[in-house]
Amino acid sequence: FSKLPPKVQVSLPTFIPKPIDREKLYSLFGQITPLSTATEENVLSLNQPNTSVRELLDEPELVATIQTGYENLRSVTCVNEDRIWTSGETNDIKCFNIKGSLVRTFKIKSEEKPNDVAVDSDGNLLYSDGTDGTVNIVKNGQIEELITLPEEWTPNNLCVTSTGDLLVTTCSDDETQSKVVRYSGSTEKETIQFDDEGKPLYSGNDKTKYITENRNHDICVADWGAGAVVVVNHGGKLKWRYTGHPSVTKNKPFKPIGITTDSQSRVLTADTENHCIHILDQNGQFLRYIDNCDLEYPTGLCVDNNDNLFVSEVYKGHVKKIKYLK
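If you're matching positions, the sequence shown starts at 1 in our numbering and goes up one per residue.
Any given hint might turn out to be false.
BS3-like mimics (lysine-lysine), calculated; alpha carbons at most 25 Å apart, straight line [to be verified]:
1) Lys99 with Lys321
2) Lys207 with Lys250
3) Lys99 with Lys316
4) Lys250 with Lys316
5) Lys199 with Lys189
6) Lys99 with Lys323
7) Lys255 with Lys316
8) Lys207 with Lys316
9) Lys239 with Lys179
10) Lys207 with Lys239
11) Lys99 with Lys326
12) Lys199 with Lys139
13) Lys250 with Lys199
14) Lys250 with Lys321
15) Lys239 with Lys189
16) Lys326 with Lys316
These are calculated hints, taken from the structure and not from any lab test.
When you get a sec, could you build the whole thing from the sequences and use the hints?
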């Protein structure tokens, strides 16, 4: 051959490093947050009715009427689907079955009326006594003093919560302050009295302030003196106030007395002067009235585990059982 193949020069690749910005390099990898823990109160709801959706009846139905014999009937509380406790302006508390038969009569220690009655998860009767500032529990027919309030405070209305705590609305003897106190047994756990601005949540008088706990653990108070339903969350923070619903026929001032809640977290409150019940959703929005069951001056309210509503009529001395859900 006169000409050889071309000679190939091979240059191997070389790496030319540049200065490394370590901060930028770290940022490309992201970061791992440190381990943290938080404690959240675990609230267990006991003895709750089923949570299937139940709509309101177009027309509530009067199921039964129980004659209690009280001239001034105030409170009614459900023991179970068959029995209720009632109290009025005398020193006796009466238990009736749903057929209207008197099952038991219990006299309190003082000669005055109980301010309110309630039933705990074991079926024991509780009552508040304004004469000596106590809340008492009845076990096996015997009265046990559960709570004694400070001398300048009076216990009024009661509610046993889903966790077994006791909520008590209380009023100062000079009628300038009202508050809700939460007890575990005889131990005070929490006081609810002011909003975030330091203003009183409740009117400062000795007027009735029936109280109930909703399924979402809101605390609902029917403040007669303020003409409002006042609702705070489980921690005592104000959520909403309800001051009535505009109506042509319901033209007297809204003065709520009894209050209760149902399996749908609806709030029901007794509008005594307008002879009706207001039904609200859990956010305080008006849904409808119950005003067709010949109600006269409704006061105390309770709902059993089947969502039957029991309404006490103060002057008639009747307790009416009403079906209002489908």
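Consistency of the hints with the structure:
1. Simply put, Lys99 and Lys321 have alpha-carbon atoms about 11 Å apart, close enough for the 25 Å limit, and the pair holds.
2. Only pairs whose Cα atoms come within 25 Å are accepted, and Lys207 paired with Lys250 is accepted, the gap being roughly 22 Å.
3. A hinted pair counts as satisfied when its Cα atoms are at most 25 Å apart, and Lys99 with Lys316 qualifies at roughly 18 Å.
4. Pair hint Lys250 plus Lys316 holds up; C-alpha atoms about 21 Å apart against a cutoff of 25 Å.
5. A C-alpha spacing of about 21 Å is found between Lys199 and Lys189, which places the hinted pair at or below 25 Å, so the restraint holds.
6. Of the pairs offered as hints, the one joining Lys99 and Lys323 holds, with about 16 Å between alpha carbons and a cut-off of 25 Å not exceeded.
7. Using a Cα cut-off of 25 Å, the hinted pair Lys255 and Lys316 holds, with the two alpha carbons roughly 19 Å apart.
8. With a C-alpha separation of about 21 Å, the suggested pair Lys207 and Lys316 falls inside the 25 Å cut-off, and the hint holds.
9. For the suggested pair Lys239 and Lys179, the alpha carbons sit about 16 Å apart, so the restraint of at most 25 Å is met.
10. For the proposed pair Lys207 and Lys239, the alpha carbon gap of about 22 Å is at most 25 Å, so the pair holds.
11. With a CA separation close to 22 Å, the supplied pair Lys99 and Lys326 stays within the 25 Å bound.
12. For a cut-off of 25 Å, the pair hint linking Lys199 to Lys139 is broken: about 39 Å separates their Cα positions.
13. For the given pair, Lys250 sits about 30 Å from Lys199 by alpha-carbon distance, which is inconsistent with the 25 Å threshold.
14. Restraint check: the Cα-Cα separation between Lys250 and Lys321 comes to about 23 Å, which is no more than 25 Å; the hinted pair holds.
15. Restraint check for Lys239 and Lys189: the C-alpha separation of about 21 Å stays at or below 25 Å, so the hint holds.
16. Using a Cα cut-off of 25 Å, the hinted pair Lys326 and Lys316 is violated, with the two alpha carbons roughly 28 Å apart.
In summary, the structure is inconsistent with hints 12, 13, 16 from the numbered list given earlier, while agreeing with the others.
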